[in-house]
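> Residues per chain are reported as follows:
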Amino acid sequence: MSVGTRKEHDSAHLHVTGAARYVDDIPCPANTLHLAFGLSSEAHAGITALDLEAVRAAPGVVAVLTAADMPFANNASPAPEPEPVLAEGVVHYVGQPIFLVAATSHLAARKAARLAKVDYEPRPAILTVEQALAAKSHFEGGPVIWGRGDVAAGFAQAVHRVEGSFDIGGQEHFYLEGQAALALPEDQGMVIRCSSQHPTEVQHKVADALGCAMHDVRVEMRRMGGGFGGKESQGNPLAIACAVAARATGRPCKMRYDRDDDMMITGKRHDFRVRYRIGADAEGRIVAAEFTHLVRCGWSPDLSLPVCDRAMLHADSAYDLPNIRIESHRLRTNSQSATAFRGFGGPQGMIATEVALDHLAHAMGRDPLELRQRNFYAERPGAACPRTPGDISGIWKAGETHYGQPVEDFILGGITEKLAQSADFAARRAKVAAWNDANATLKRGLSLTPVKFGISFTLTQLNQAGALVHVYSDGSIQLNHGGTEMGQGLHRKVCQVAASIFGVRDEEVRITATATDKVPNTSATAASSGADLNGMAVKAACETIKARLAAFMAESTGCAPGEVRFEAGEVRAGETALPFATVARQAHAARISLSSTGFYATPRISWDRIKGQGRPFFYFAYGAAVTEVVIDTLTGENRILRTDILHDAGKSLNPAIDIGQIEGGYIQGAGWLTTEELVWDAAGRLRTHAPSTYKIPACSDRPRIFNVALWDEPNREETIYRSKAVGEPPFMLAISAFLALEDACRACGPDWPALRAPATPEAVLDAVRRARGAA
Amino acid sequence: MKITLDVNGVEKTLDLDARVTLLDALRDHMGLTGTKKGCDHGQCGACTVLVDGRRINACLSLAVMHDGDQVTTVEGLGTPEEMNTLQREFVSCDGYQCGYCTPGQIMSATGMMAEAAEGAPSHVSESLTAPADLDDAEIAERMSGNLCRCSAYPFIREAISRAHAAQTREGRE
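Line order of the protein sequences matches chains A and B. Just so you know, the numbering used here puts 210 at position 210 of the first sequence, and the rest follows in order with no gaps. Just so you know, the numbering used here puts 947 at position 172 of the second sequence, and the rest follows in order with no gaps.
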């Protein structure tokens with residue numbers, strides 16, 4: 001069976017020979033126009049005059065459009081509140097599109113866009129958390145508060161208490177392929193080819209912009225050169241602009257952001273300031289925890305509300321906290337609209353809790369790992385390593401999160417124990433201490449952190465998927481599903497599902513571009529849900545066809561349909577064994593339908609986001625990582641020396657792809673927490689708008705020793721072949737790298753270092769000074 | 776300006792504005808879209824090609840500077856049906872995820888292995904004069920100009936290492 005085996009990416013041979021086409025590689029019709037936006041230079045201002053004469057007169061310019069020229073909706077928003085594609089009299093951040101230029105070449109459009117004369121009337125800009133709080137600049141009217149238990153009573157019981165404030169930087173997606181879209185007018189409709197994680201939303205937004213129904217817009221998406229959440233909503237403006245310009249000019253239109261424009265215009269991961277207060281009893285059992293999330297969401301809601309929700313949902317990290325309160329401020333600021341990024345708020349929610357826990361361990365003079373294990377959720381007896389904290393009755397009871405979901409599948413006790421052994425944690429802890437005693441300049445740090453990540457979209461309606469499967473009369477299989485391929489290997493996994501059901505080789509199955517006319521009303525490929533949802537939808541479609549073929553074979557051979565087996569490229573019934581292709585041909589001749597749709601809706605979930613109660617997640621994905629680092633206390637330079645990971649992918653659909661996701665997720669997460677620093681100046685301009693000033697991990701930034709293994713245990717929920725989602729969870733394994741750096745800073749002095757993220761050399765030096773007693 | 780380039784063994788004559796980069800000449804004027812545009816200012820390495828056997832960022836070089844030069848792009852190494860050793864190793868090691876940086880990685884690795892074979896040292900080489908052994912640390916350092924946002928670096932390094940070993944074996948035989 002193909003499922004569970006190591007198979008290469010479905011486009012492997014095309015990737016390595018340059019034959020894999022991305023949007024910008026598609027040959028365009030000869031009369032195609034190229035688009036560019038004219039951008040705001042102000043963070044917040046009214047536009048008093050917009051003189052576009054020079055733009056219109058520039059060589060090659062065919063059309064110039066402003067908000068007033070948008071024929072129907074001027075709205076790119078994925079949220080209920082509208083978000084104008086082109087500014088409507090007011091600009092809200094530096095880099096906001098004001099007008100659109102269509103010209104005969106990419107360069108001509110970009111040059112012309114710079115010739116506009118815009119008169120601004122500056123308004124007060126809200127750039128920082130402090131400014132936003134002072135101005136009460138909130139989305140949703142004010143903070144959202146969730147929790148459980150009695151925090152005040154909890155703190156009254158506490159023997160040990162710490163509090164602090166922790167700054168977490170944002171993150172630029174830096175998908176290697178920038179945003180791109182192409183619109184081709186067709187009959188009365190429009191065909192869009194774009195680099196998007198959410199073709200259905202592009203279809204919807206383009207239809208609104210053209211004043212037509214969704215059936216007049218077809219969106220096709222073959223592959224993205226990376227997405228990471230940055231192509232969930234941030235591609236909408238390009239597709240809308242192309243469609244509107246194509247309608248206005250009657251010509252195909254293409255838009256590709258230049259890299260600097262891309263970084264200036266598009267949203268990034270949310271930066272957070274988290275204020276925390278946490279208390280424990282004498283044994284180290286956490287009895288109260290309080291978090292205030294202060295989130296710069298940027299100028300429009302975009303996906304900020306569900307991102308902030310997910311941060312709150314992960315404030316428990318992996319711990320059973322009886323008394324917890326989380327207050328989340330979603331702050332409207334004059335900056336790019338912060339958006340989805342791998343983990344979707346989960347990483348920020350979790351790292352704040354992990355930092356608070358290390359702070360508590362520091363104050364108590366205890367080992368952070370021991371404190372973590374003491375506070376884990378209860379593990380089902382008979383599991384690899386049962387732990388039932390706080391329960392001496394002998395009767396196992398699942399722990400419950402602060403939002404009321406029972407944690408029935410907790411396995412971190414076992415994972416942590418096994419990883420601590422394989423990584424030789426205790427011995428290395430002692431070695432690190434010995435090293436730090438012997439060395440004054442270079443200090444080492446070591447940390448083990450867990451990951452528990454909720455799987456499912458928190459907006460319950462998104463947890464559905466469709467598929468379309470055809471078996472052709474030659475036995476070849478073509479299939480489509482609503483998911484999009486961005487490098488995560490989704491198409492290969494889904495191919496493996498189909499090949500396994502029909503008992504044929506993977507080569508017999510072909511997945512074509514994701515298209516809104518083949519599978520309608522899809523959800524974004526996001527929330528790590530791609531294989532879970534689409535794999536099940538494809539399975540349903542394949543099972544339908546398989547049942548028809550089995551009935552057909554049963555009839556001709558006289559055996560029961562249930563006895564017909566599909567394996568090794570054959571269909572076997574009793575003594576008869578025919579090649580799959582022969583059966584397909586015969587079934588076609590017998591007038592049996594060889595095509596089917598499939599549908600899946602995730603069971604068991606329900607969620608009331610106003611109350612913050614329910615079961616938003618079908619299950620949890622788990623993992624743990626040990627990272628060892630070294631810092632130079634004179635320069636703040638730092639290196640990851642060794643990383644050991646044990647990660648839960650359930651019964652892996654494809655171990656090669658899953659290991660790649662885990663390694664890549666960890667490195668990308670380590671980038672977020674170490675070198676990737678976004679800097680805005682006092683005028684609200686992003687000063688790190690190119691890879692020359694924004695440092696993502698390079699080839700040499702992989703940990704020198706990197707041991708990655710899968711925790712081999714089937715998902716306890718009935719997912720596709722009992723696998724688990726693997727896109728986002730490994731990202732948060734990198735929290736161990738950050739806490740190892742903090743651990744190294746702690747070796748420099750008695751005080752809590754309060755390291756901020758990202759832990760750039762400057763941040764490490766500041767933390768070392770604080771550890772040594774500087775205020 | 777009129778120029779002639781030898782691209783993947785085929786002579787091409789082009790009439791280009793002097794400001795057209797080699798990258799745009801390849802992609803927009805010759806339809807060779809295997810070479811990718813990542814950042815367009817020499818920081819990401821997605822546009823790496825070989826010019827007379829040396830790796831360069833095609834986005835930082837003007838096409839007219841290469842009149843008469845031999846340019847090799849990823850399309851010149853092999854085809855999906857007939858891949859070269861390095862391409863095969865990238866497939867067998869999963870040396871990519873989204874694939875967008877892959878042509879640049881492969882061209883850069885091709886140039887890099889030739890540099891190492893000629894004895895060029897890197898920042899991490901023990902000696903400036905003795906030939907460097909292309910171990911994992913050397914490969915990582917020499918490939919540091921090619922970014923992969925999916926961070927498939929472990930498998931990229933493995934693929935290059937295996938291709939290098941295979942080439943060394945072939946060289947001996």
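Treat the hints as calculated values from the structure; they're not laboratory data. Every residue gets a Cβ at the ideal spot worked out from N, C-alpha and C, and that includes glycine. Be aware that a few hints might be false.
Per the computed footprint, the stretches of chain A lying under chain B, defined by three or more beta-carbons under 8 Å from a beta-carbon of chain B, are [to be verified]:
#: 1; segment: 410-423
#: 2; segment: 447-454
#: 3; segment: 502-512
#: 4; segment: 574-588
#: 5; segment: 646-660
Listed below are several chain B residues computed to face chain A (Cβ distance under 7 Å; list not exhaustive) [stated by the list, open to error]:
#: 6; residue: CYS819
#: 7; residue: GLY851
#: 8; residue: GLY853
#: 9; residue: GLU857
#: 10; residue: TYR875
#: 11; residue: CYS925
One-sided excerpt, in silico: chain B residues whose CB lies under 7 Å from chain A [as the list claims (entries may be wrong)]:
#: 12; residue: CYS814
#: 13; residue: GLU850
#: 14; residue: TYR928
> Next step is simple, just say for each hint if it's right about the structure.
Evaluation of the provided hints:
1. 410-423: Result for this restraint: violated, n = 0.
2. 447-454: With 0 residues close enough to chain B, the hint is violated.
3. 502-512: violated (count 0)
4. 574-588: Violated, because only 0 residues of the segment 574-588 of chain A bring their Cβ atoms closer than 8 Å to Cβ atoms of chain B.
5. 646-660: n = 3 at 8 Å, threshold three: holds.
6. CYS819: 6 Å, holds
7. GLY851: 9 Å, violated
8. GLY853: This interface hint holds because 6 Å falls under the 7 Å limit.
9. GLU857: 9 Å, violated
10. TYR875: With a minimum Cβ separation of about 3 Å from chain A (threshold 7 Å), the hint on B:TYR875 holds.
11. CYS925: Hint on B:CYS925: holds, closest Cβ of chain A at ~5 Å, below 7 Å.
12. CYS814: With a minimum Cβ separation of about 4 Å from chain A (threshold 7 Å), the hint on B:CYS814 holds.
13. GLU850: Since chain A brings a Cβ to about 5 Å from B:GLU850, closer than 7 Å, the hint holds.
14. TYR928: 5 Å, holds
The earlier numbered hints that this structure contradicts are 1, 2, 3, 4, 7 and 9.
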